[in-house]
Amino acid sequence: MQGGSSGIGYGLKYQARCISDVKADTDHTSFLTGTLSLKEENEVHLLRLSSGGSELVCEGLFSHPNEIWDLASCPFDQRIFSTVFSTGESFGAAIWQIPEPYGQSNSSTLECVASLDAHVGKINCVLWCPSGKSDKLISMDEQNLVLWSLDSSKKSAEVVSKESAGMRHSLSGGAWNPHDVNSVAATSESSIQFWDLRTMKNVNSIDRAHVRNVDYNTKREHILVTADDESGIHIWDLRKAKVPVQELPGHTHWTWAVRCNPEYEELILSVGTDSAVNLWFASASSDNQASERSAEASRQRVNPLLNSYTDYEDSVYGLAWSSREPWIFASLSYDGRVVIESVKPFLPRR
Amino acid sequence: MATEAAPMDEKAKRMRDLLSSFYTPDPSISTPTSSISTSFDNINGPSFDADQYMDLMIKKSNLDVLLQRHVQMAAEIKNLDTDLQMLVYENYNKFISATDTIKRMKSNIFGMEGNMDQLLHKIMSVQSRSDGVNTSLFEKREHIEKLHRTRNLLRKVQQFIYDLPARLQKCIKSEAYGDAVRFYTGAMPILKVYGDTSFKDCRRASEEAIETIIKNLQTKLFSDSESIQARAEAAVLLKQLDVPVDSLKDKLLEKLEQSLDGLQINPDEASKLAEHNVSSKDEESNNQGPAKIHEDAVRGFSEAMRAYREIFPDSEERLFKLARALTTTHFENMELYIRKRVSAADFLGIFRIIWEDVVLMDEVLPEAALSDLSAEAAQVTLKQFVARTFSHLQQDISDTLLKFDINQKEVVDGEVLKVVLEASGKAEFRQLLDENTGIFVKMNDLLIGWIQKGFQDFFSEKIHAGLILVLAQLSVVIEQKVIPRIAEEITASFSGGNSQAFIPGELCRVFHAASEKLLQHYIDTRTQKISNVLRKRFKTPNWVKHKEPREVHMYVDMLLQQLEEVGKEVKQILPQGTFRKHKRSDSNGSNTTTSSRSTTLHSDKMARSNSQRARSQLFETHLAKLFKQKVEIFTKVEFTQESVVTTTVKLCLKSLQEYVRLQTFNRSGFQQIQLDIQFLKAPLKETVEDEAAIDFLLDEVIVAASERCLDVTPLEPPILDKLIQAKLAKSKEHNNNNNKTTVSS
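In order, the protein sequence lines correspond to chains U and H.
So the first sequence is numbered by the numbering used here: it starts at 1 and just counts up by one.
So the second sequence is numbered by the numbering used here: it starts at 1 and just counts up by one.
Just chain H, with the same shape it has in the complex (with noise of 0.2 Å):
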């Protein structure tokens, strides 16, 4: 077997090495083995030549070698023929039972797909199967997971409510109450639930320590000592005890209702307190005045309102009407307190006072519109105020006036005017304007309309011409000093958007207007006076059958006096303006331009007389004023002492003029007016700054009085002056008699 074994591996190898030259067509994967043969005579090699072969054989071998190897080679190619005849018989065999396996599986493949298909329907099923199992188990499984945890919680609970009362023991000792009501509100659903239970005797203890809790937060609650917030919490937790707060908040609130009384300022003390607080500012180490301690006392009011809307949300209407009362009360004692005399910086002391509180409650309370309700109330008693103020300035005026008449009327009228100045001006109302307070903000216009007003009804009321010069001053002062400064106040404390409220250009004007109106009014009162003289003057004679002239007439003293009068009150109380001549650089010129018209119509009426000439200088008059430079008769009025009175001169030589222009005169009366007018030459220009104004003024009289005179013969000049002398030693004369009787009285 074995050597058979050996050639039949031999074989086999060969054939393989055969199959495999076969198939991989490269030769150098051939085998190691047919390299070695050599290269010609290897018929196994693959380049064999078999002619080459041939060749090397016959040239080689004999005939017995060549038969031999004939055969030899016959058998050989046999031999393999037969090889191959078994290898495709064999290869034929396998493709053979290959395709009947293959047609077998093909049989056995189509039945497969149906059982594959069960087979999965099957697979399916078992996993619902499962699932379900699983699912109807997870409800247990959860349930029991739960218990469990209850079960650990439980103990936990249980384990707590035994301990509850030693905690809430421990608690009370310790007083932190808010610990044990946290404790015991947590454990009371279980007690109450499980209480009959083996619970009983923790719920007992517990209850019985809450209840000494409880009684301790009461106590707690009402004692005064504890302060504000140790009371809210107090109450808090009593609410969390369900305890009845309904009947603790009004008991409190009644309490709180109760502590207005003690917050409301007093009229008796106001003043008192008014007083300190202004002192207060001045020495900052007294803090113990009664303005502080109301302060503290608000401040602690406001505080408790604070902590009380915070523990009783629902109760903040009648927190609100609480404010609101004090708010009012407040109002209605000012308005008692400023019933009696009060100055104006009591009244702002107190005003300042119920500001704050109000602010500090407004803090609190933002929807309680404090501010506004205040300042609605404020409005009111600031009005209030400013008619009393007014009323007593009123009173004070005639109070010194009617001391004053007694006495000695003329010299001590300017007297009175400065003493009201200085008390009604410079103090109350600078005081009140000066105000910066928040409300005064809002109110000033009010305030300045309210001031107005006064001032309108002074007018109605006839009070001395003076007075109104007096108040056309104080709105020059207001309007020039006191309103910057207040503009300048408002600036720097309210640097934000709340100055609008406040125009000082606005309130400057107003009060230049008034300050105009007044004086113009001061003016027109006294030229009134002067003018209803000069009406009963004009009025009263016959012109047209005057007598001839002796003296003077009386009117003109009245006129003098009244002027004076004038210049006395503009004396005191406007000041001084720049001494100047006439506006116009040529008022010289037109000076002489005036006097030599007037020379002109003196020589003329004294040469002729008759009604041509008249005519003639009726024409000289017009040429006149057409030459001449329209003299500025009505200037505008200016605040001073030389204005005013040159104004009021001025108008009163106007109304004279017209007056005289609405009579008819005869030779006589002419030379009354004549007269009088020259005598009134002298004075009037000492009192006057326009001198050029009044000489025209006078000279237009005379030329009305000669145009309206029947018979213009004017008086000789020396006669004039005679009368004028006469006139002049008679008023000295009486002067001196009046001296003398006023130094004997």
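Chain U with its partners taken away, still in its complex shape (with noise of 0.2 Å):
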């Protein structure tokens, strides 16, 4: 397969796990990433793709308190972001903002905006709200999910609801419905289950044990892929959600995470700890008369691997889109190296 030859790199100075698309910003294609170092001081790095698009330029270089688990960007405001951190014994949720006119100092501190720290345990993940405006989020730790909502100017956060998964089901992270904002999906120890937001109940699960990360198709509702450690990539049809629509066998290691395209349907991405980036093409369709054909077809077809990006050297955790230029997205390695790559040539006719 292609090397990473074509994909444009940047290093960064310690081990990291995550890596944002900054949505809110639509003059550039931007991505923010955090390290993850229990001695160090970490950093947030926010980079920016240059017009050409043949250099990654670090836009902005902020200190973080604490190693970074998860980060996620604002959809409405570029200049807001969350992260998930760790102080090696106790974990924090937190909303940052970017301070004004950033960029010219080379460390400048970041101005947190709220703490989330309605949590005890081990904190997964912050999710926004995908619709765009809405100031919603959620935070995700082993045993809780907690609705926040956001009042940037106040610098403010209030829990809105807060509901326990139980004892019993460890929830390791979730997606939330881009289709339905009512709704979002959390991954535990031994099912996907489904959320609803009003009445904070979890009203259907699927029983998938070891489900590792889980992403919504943005373009077709009621599709679900989600990424195991033993046996690959599944995509699901919610809608009758007994058996997986279609398998896509993942990663030589564990399937880390996947990421459907915003763009273009049948991209998933997925990365893995064998140090690999892999590219699919899940034609699958939800109908009911394709089940049948569909298993045929799949048979058939050349294999739905399009591609594997293999020039990493440490497992890869970080994963993103850009939703500005769907064909390109960033990966992060373990050891820090942020790689962008396009998937032009793989792009489906249309």
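No lab work stands behind these hints: they were computed from the structure.
Quantities reported herein were computed from a predicted structural model and do not represent experimental measurements.
Using N, Cα and C, we set each Cβ at its ideal position, and we do this for glycine too.
Hints are not guaranteed to be accurate.
What the hints assert, rightly or not - Computed far set for chain U versus chain H, every beta-carbon distance over 10 Å:
1) His28
2) Lys39
3) Gly53
4) Pro65
5) Asp77
6) Glu111
7) Ser115
8) Asn204
9) Arg208
10) His210
11) Lys240
12) Ser315
13) Ser323
14) Pro326
To be verified - Derived DEER-like restraints, expressed as beta-carbon distance ranges:
15) Ala726(H) <-> Ser134(U): 55 to 61 Å
16) Asn542(H) <-> Leu347(U): 43 to 49 Å
17) Asp27(U) <-> Thr713(H): 48 to 54 Å
18) Cys112(U) <-> Ile719(H): 54 to 60 Å
19) Cys112(U) <-> Leu662(H): 24 to 30 Å
20) His734(H) <-> Lys219(U): 55 to 61 Å
21) Ser134(U) <-> Asn542(H): 34 to 40 Å
22) Ser153(U) <-> Leu662(H): 51 to 57 Å
23) Glu548(H) <-> Ser161(U): 39 to 45 Å
24) Asn737(H) <-> Ser164(U): 43 to 49 Å
As the list claims (entries may be wrong) - The calculated DSS-like cross-link candidates involving lysine-lysine, where the alpha carbons are at most 27 Å apart (straight line), are:
25) Lys529(H) <-> Lys39(U)
26) Lys122(U) <-> Lys547(H)
27) Lys122(U) <-> Lys517(H)
28) Lys539(H) <-> Lys122(U)
29) Lys242(U) <-> Lys517(H)
30) Lys39(U) <-> Lys547(H)
Two independent chains are provided; combine them into the complex using the hints.
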């Protein structure tokens, strides 16, 4: 396969796990990434792809008090983002704002908008409401799901509702349904749970153990993609969630994360601990009549794996499509290397 | 008169001569008499010269003579003049008369033309009249001739009819019914029309004879001892004799239907049949077996069908129905038969019999589309059979597993697998696939599809992981051995174009893919198990508040036990690969690099513990990584014991590393990890072919732990050693205890 020769690289100082697309920045293709270092001073890097698309420029470098386990950019304000961090002994989550004249001082400090301090245990992730303008947030620890309302002008976040998933289900992550702002999918030890935010109840679930990552298809309603440790990638149709619509082999080792392309509904990216990023073409339609044919078709069709980017030195944990230029994605390997790649040669013909 | 006649003659002659000389200018033709006279003095000669003559005369003669001569000549001239005058006159006369005649003729001819026309007309009319007469008479003449011929014929017929009874009798005696029927049917119309006349007796006699013939024929038709052909002929004859054939046909077909019962393969006898079919292959001499009988019966049946088809062309539909009924009953019986447990050989034997039957019948009734019908039916049956075989196989496996589970689980597991491998793979499927009866060629793809489906169904039910390995190996066997064999046999038997139906390359690919998938699946299930162990290990304790390590943790035992299990299974099923170290020739080099790196790490960690050092240490790690070749952790799995074990171990260690990276450790937590890994090092290296990779991965775990550790202070080597020795001693003791308990039990 093609090596990473086409990719644009950028090195972080320390190890890192998370990278996020800055969706609110409509003028540039930007990404936010934060380091994971237990002992050093952690940093948040704001990276911007130069207009020619040939260079990745560090637009801003901000110090962050603790190692960052999760990072998500606010969908409506490019200066706001959330992090989940750990001091080594305890976890915390916070909303940060990039200071106004950023980029001048080398290591300007971040402004803390709000601290999401309703958690006790290990916090997994913070989700921003995908609808765009809404100021709702969800934070998740192993047992609880907390819905926040953010007021960025007042610099405060209030708990709207909080619900415990129970001791048995240790939650590990989730995704907010872009087609239904009241629905959130959360992965737990033994299943994928679907929460209704109005009632804060677990309304539905798919029994599937050890799901590591989940993502909604933004283009096709009811389609959900999950990544497992062992058995790769599964595509589900939520209307008939007994069996997956399609299975993809995933990675040689764990499949760590999956992301559906925001524009091209068939494209799926996955990253794995086998130091590779795989680009998949999943054409399985959700139609009833196609279910049987698709099984046959998928057998006949050529490999759904369009490309495997293997030029990484360590496990790849971070992955983000650019919403501005949907053929561009950023990947982040554990050794702190950000690689921007373009999937243009693999785009399906329209 | 005579004297006068002479001069007259002379005169006439002279005149003629003159005339002729006048008319013919050629002197040579002049009469010979003139040539006799002297040339000069002959006054009649052509060369007469008057002057010379005169000179001569004067010289020779005297006056008297001369006078005489003069007188004479004057007289002659006078004579000549008159003669000429006469001639002219005569000629003129003649001319005149000729003119007159011509004139007359002319006038006469004028009238003649009309007469001629009249004449022609009359002649024509005469001719037409004569034609008319001729034609009017012709019909009658024809008629007379016809009548004459008819009379002759009638005479012959009469003779024939009179002879008929005698002839029929003769035929009956000699059993030449065909001739008899021919004669009779020939005579029938005559007898029908003129039966009441003089032929009355003849008719009665021949009818009686025919009566007996019909009787004879009917008995012949229904007698089973007669050959089918004879019976068919009888039927034809009867049909010719206007005997109601439909009822006959119905009767016969009913009989045929009854005979179908005899042809059915009784489920109970089927096994015998099949057995015999198999055994008759071995001993050709024994031909009296039920299979042979059955074959003969079917052959007879098909021949009968052929005959009936010829006899009753309108009965095809029914024959079709019959043939189809036979085929369907065949397959129904087959289904009944396979409801019991049947070996593939028996199944195939019966299948072959049925197929042969179908082929026989198909020859006779190609329109009945029997082969299609039977192909469909066979498909269904085969599907059922495959399904059944699978259920049996499954049952077998579960039975054996259950049986052995009660006894000694671990030890016998391998044996079970072997049994299964032998039983399932070698016997059933290979035989199924080996078969190259025409129908199988058509269905091979389907068959393989079902088998694969079967395999997949296998997975869904949670069956021992080892079984998956067996199946993987089975696929390899099929891919490598069975398919080439089938391909060979097929090309041998179908040298023609039929081979597209079976594409060995495609099948090989399918099976290869299947085997790889199965192997992958095996490794997946195995690593999944181990992964679960690891997950529990890393999720449960609070690593940040870990206590000082006292001993090697339990999970290491479980890990090794799992790996050992894998090794055991793999050893029993997969072939041993050619032993080799690491792929890269410089594996030693990388080995030393790694170890040296880890030692520096050790010493570093020992010497310094503040954060600055840790930072430089991270830097060093990166630097080391840069210079070190990337060890290929995820190489392609091969079908060897070593490859599978290595892959499993690698995947587990990678998982271990990932779990470590997700945690944060305090000093003791790190030390615990360090201890566990140190303990793992030796046994893992023993089991695994690729030592360099294992070293690398184990080091990676340590590095990951140190990176995630708040306070990196490795255990002192002596303490490490002591704890490991303690563990080893303990496990030895444990083993001994185990052995003791097993011995005592």
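Is the distance from the Cβ of asparagine 542(H) to the Cβ of leucine 347(U) consistent with 43 to 49 Å? holds, 48 Å
Using the C-beta atoms of glutamate 548(H) and serine 161(U), is the stated range 39 to 45 Å upheld? Check passed, 43 Å falls within 39 to 45 Å.
Between asparagine 737(H) and serine 164(U), does the C-beta distance stay in 43 to 49 Å? The hint (43 to 49 Å, Cβ to Cβ) holds, given that asparagine 737(H) and serine 164(U) are roughly 46 Å apart.
Below or equal to 27 Å on CA atoms is what counts here, so check lysine 122(U) against lysine 517(H). violated, 37 Å
Quick one: are cysteine 112(U) and isoleucine 719(H) within 54 to 60 Å, going by C-beta? violated, 44 Å
Check the following: the C-beta atoms of serine 153(U) and leucine 662(H) are separated by a distance inside 51 to 57 Å. Given range 51 to 57 Å: violated, Cβ gap about 37 Å.
Starting from lysine 539(H), check that the Cα of lysine 122(U) is at most 27 Å away, please. With Cα atoms ~12 Å apart, lysine 539(H) and lysine 122(U) stay inside 27 Å; holds.
Evaluate the condition: distance from the CB of lysine 39(U) to the nearest CB of chain H exceeds 10 Å. Label violated. Min Cβ-Cβ 5 Å, cutoff 10 Å.
Take the C-alpha atoms of lysine 529(H) and lysine 39(U), compute the straight-line distance between them, and say whether it is at most 27 Å. Distance of about 34 Å is beyond 27 Å: violated.
Would lysine 240(U) pass as off the interface with chain H, using Cβ distances and a cut of 10 Å? holds, 18 Å
If I claimed the Cβ atoms of serine 134(U) and asparagine 542(H) lie 34 to 40 Å apart, would that claim hold in this structure? Given about 37 Å between the Cβ atoms, the range holds.
Between cysteine 112(U) and leucine 662(H), does the beta-carbon spacing fit 24 to 30 Å? holds, 26 Å
In terms of the numbered hints stated before, the structure departs from hints 2, 10, 12, 18, 22, 25 and 27, listed from lowest to highest.
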